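Make a model of the complete structure from these sequences and hints.
Just so you know, the sequences run in chain order Y and H. Going left to right, the first sequence walks through residues 32 to 404 as my numbering numbers them. Going left to right, the second sequence walks through residues 32 to 404 as my numbering numbers them.
Keep in mind the hints are simulated off the structure, nothing from the lab. This one's a predicted model, so the numbers in the text were calculated from it and none came from an experiment. We treat Cβ as the ideally placed atom computed from N, Cα and C, and that holds for glycine. Please note that the accuracy of each hint is not assured.
To be verified - Which residues of chain H face chain Y? A partial, calculated answer using Cβ under 8 Å:
{"no.": "1", "residue": "88"}
{"no.": "2", "residue": "91"}
{"no.": "3", "residue": "117"}
{"no.": "4", "residue": "259"}
{"no.": "5", "residue": "263"}
{"no.": "6", "residue": "285"}
What follows is the residue order along each chain.
2 protein chains.
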Amino acid sequence: MTADARDQRPGPTNSLADVAGVRVGHHTAVGDGWLSGTTVVLLGEDGAVAGVDVRGGGPATRETDLLDPTAAVERVHALVLTGGSAFGLAAADGVMARLEARGVGVQVVQPAGPDGVAPPPVTVPIVPTAALFDVGRGGVAANRPDASFGAAAHDAAVAADPAQPVASGNVGAGAGAVAGGLRGGLGTASVRLADGTTVAALVACNAAGSTVDPATGELAGARVGLPGEFDHLRPPARVELDAHLAAAEGDASLNTALAVIATDATLSKAHAAKLAGVGQDGLARAIRPAHSMTDGDTVFAVATGARPAPDFVRFQAVLAAGADTISRATAHAMLAATSTSTPARSWHSYRDRFPTAVGRTPPTAAPTQEDAT
Amino acid sequence: MTADARDQRPGPTNSLADVAGVRVGHHTAVGDGWLSGTTVVLLGEDGAVAGVDVRGGGPATRETDLLDPTAAVERVHALVLTGGSAFGLAAADGVMARLEARGVGVQVVQPAGPDGVAPPPVTVPIVPTAALFDVGRGGVAANRPDASFGAAAHDAAVAADPAQPVASGNVGAGAGAVAGGLRGGLGTASVRLADGTTVAALVACNAAGSTVDPATGELAGARVGLPGEFDHLRPPARVELDAHLAAAEGDASLNTALAVIATDATLSKAHAAKLAGVGQDGLARAIRPAHSMTDGDTVFAVATGARPAPDFVRFQAVLAAGADTISRATAHAMLAATSTSTPARSWHSYRDRFPTAVGRTPPTAAPTQEDAT
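See below:
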């Protein structure tokens with residue numbers, strides 16, 4: 032840990048809400064054959080500069096091409112992370128409708144004809160979207176987020192109290208998440224850098240790979256925790272790890288981790304794309320393997336620009352913090368997830384599979400002295 | 032013109048329908064404040080290998096990231112070209128629903144839990160989509176293609192007679208098109224190469240730049256026509272060109288040209304992406320300027336694989352033919368477009384602005400002998 036890192040502290044809520052102007056809302060559907068949801072990240076009426084990095088082999092995305100640094104649009108008005116695989120991309124329809132109704136978007140004015148009459152102006156909200164695979168986990172394959180999910184998550188984001196942490200666990204895009212056979216979910220984290228810049232991340236952890244170190248049973252993402260952040264965790268009892276490994280809960284399944292990094296720094300569009308790219312390192316450290324052919328791992332990065340543009344050295348710190356907040360958010364996602372049974376299947380949470388890791392009495396067998404180190 | 036080119040002939044319909052297994056359907060909405068539509072290209076139950084190249088500065092796209100040659104999905108089941116700017120991406124929702132109902136898509140089977148119970152299987156249709164800007168041209172900015180447009184265009188494609196040419200002009204994604212101030216539209220063309228391979232293209236020509244050579248008034252895309260294809264065209268009378276230039280119909284406006292190249296050759300996913308990229312050269316030759324910051328110019332390429340994979344030399348011919356069929360399809364789009372007046376604006380078609388070019392009596396002034404060459 033560098034001297035800088037020892038000084039780092041999370042923001043007030045240790046969540047994406049610590050970046051001023053960023054609001055998060057979830058819509059969650061559980062039961063009656065459902066286990067899915069949608070998360071909307073609102074970026075204010077003027078939007079935020081954005082970039083994206085798609086590194087998984089099975090992405091489901093919408094409006095990512097316009098985030099190429101050579102493309103014209105600089106600022107996006109919302110991001111959508113959603114369950115439902117490619118079907119879930121329909122959630123963006125509802126977010127666009129809500130934003131248009133509020134007049135949020137790119138204002139497009141068209142040229143008039145020779146008679147001076149022109150088509151009416153239009154407001155086009157820019158809403159990049161990525162979907163993860165959770166279809167059928169609630170029992171009914173036809174239950175997938177649609178436009179109404181996006182609208183409801185938008186409304187929840189508008190109503191969100193910015194002083195409160197973003198809700199985590201099995202909510203929104205994390206409602207149907209599974210990671211390495213354990214129950215996945217939604218997690219978030221933030222850090223305030225030495226110069227006052229805030230970097231925060233939100234992760235919908237739904238991965239073919241595992242978040243658990245197969246040698247120790249620890250959450251890999253917790254290794255880059257801030258001072259004290261994961262002090263409540265212990266290496267779990269060996270018997271718990273053996274049970275986890277024997278259950279083959281780490282079997283590859285259809286997944287995709289989605290993430291958003293937000294910062295209040297001023298970044299160019301190209302630097303936002305770079306931040307998204309380095310953010311994939313945070314997934315790589317927290318999930319192994321990552322970026323497989325069945326994962327559609329996608330990282331968005333947004334910069335609100337409330338603070339000045341970092342110089343070269345400070346931008347390096349923002350990049351490193353982006354990756355680490357994603358790793359930390361991934362660990363938080365796993366810790367906030369809860370064991371779930373549906374007509375389709377059952378999944379253990381990390382807490383229930385590794386009770387000694389989180390300071391609970393093991394339900395099955397007492398760890399030996401050696402295991403309980 | 033090379034010896035090869037002199038031998039080239041179009042397929043039976045000189046349209047995208049000349050590639051066996053490819054069907055095209057349009058849904059068009061004109062009047063009552065509407066001037067937009069959606070075009071669906073169906074690629075059979077097993078789909079086709081696909082690639083994409085996004086070169087415009089203002090793209091509106093969906094499911095393009097999975098077309099990266101490093102991503103897992105090899106075959107797509109349909110392509111959607113649509114009006115409605117980013118709002119129009121909702122058309123894909125309706126196409127996906129129709130394909131899923133027919134069981135067309137990637138069959139996804141998920142692993143079972145310890146009790147042997149697994150989530151239900153699901154069919155995920157792969158439907159890459161791109162939208163062009165035509166919003167408000169019918170008079171009402173809220174009139175944009177939605178899921179119902181995609182479903183209707185899908186149904187029209189299913190019902191299409193493969194022996195008939197694809198309908199062109201102001202239909203489907205070309206319903207609201209404008210190009211360089213003239214009325215744009217949808218055009219298509221095909222070529223049968225010497226080895227029997229068919230290459231065909233479909234273009235929704237809606238461009239900030241002009242399809243008209245400002246020095247001669249000729250359609251630039253017609254310069255690469257097959258023998259006899261555009262023999263009915265003449266350089267227009269100077270007075271017509273002067274009127275066109277004086278009307279500043281070439282003023283930049285919000286646009287985007289969308290194109291599909293289809294071939295019956297067997298191509299790798301990477302070669303399909305290469306074909307899409309070279310296809311942009313066909314737009315460049317037919318539209319000037321092209322690929323501007325307000326254009327979202329996007330070219331898809333699909334290979335059905337009914338014929339063998341071309342060797343190196345023959346693949347070069349496929350690439351050249353892909354670009355040229357796009358240029359030719361662009362010229363056909365302009366020739367098939369019709370002058371249009373809506374409450375929002377009026378646009379001249381090429382035929383009405385340049386009547387002497389298409390062998391009609393000029394409505395305003397007779398061309399001089401010199402002009403009528």
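Right, here's what the structure says about each hint:
1. 88: holds, 4 Å
2. 91: Holds, because the Cβ-Cβ distance from residue 91 of chain H to chain Y comes to roughly 7 Å (cut-off 8 Å).
3. 117: holds, 6 Å
4. 259: With a closest approach of 36 Å, the residue 259 of chain H hint is violated.
5. 263: Because about 29 Å separates residue 263 of chain H from the closest Cβ in chain Y, which is outside the 8 Å limit, the hint is violated.
6. 285: Hint holds; residue 285 of chain H Cβ to chain Y Cβ min 6 Å, cut 8 Å.
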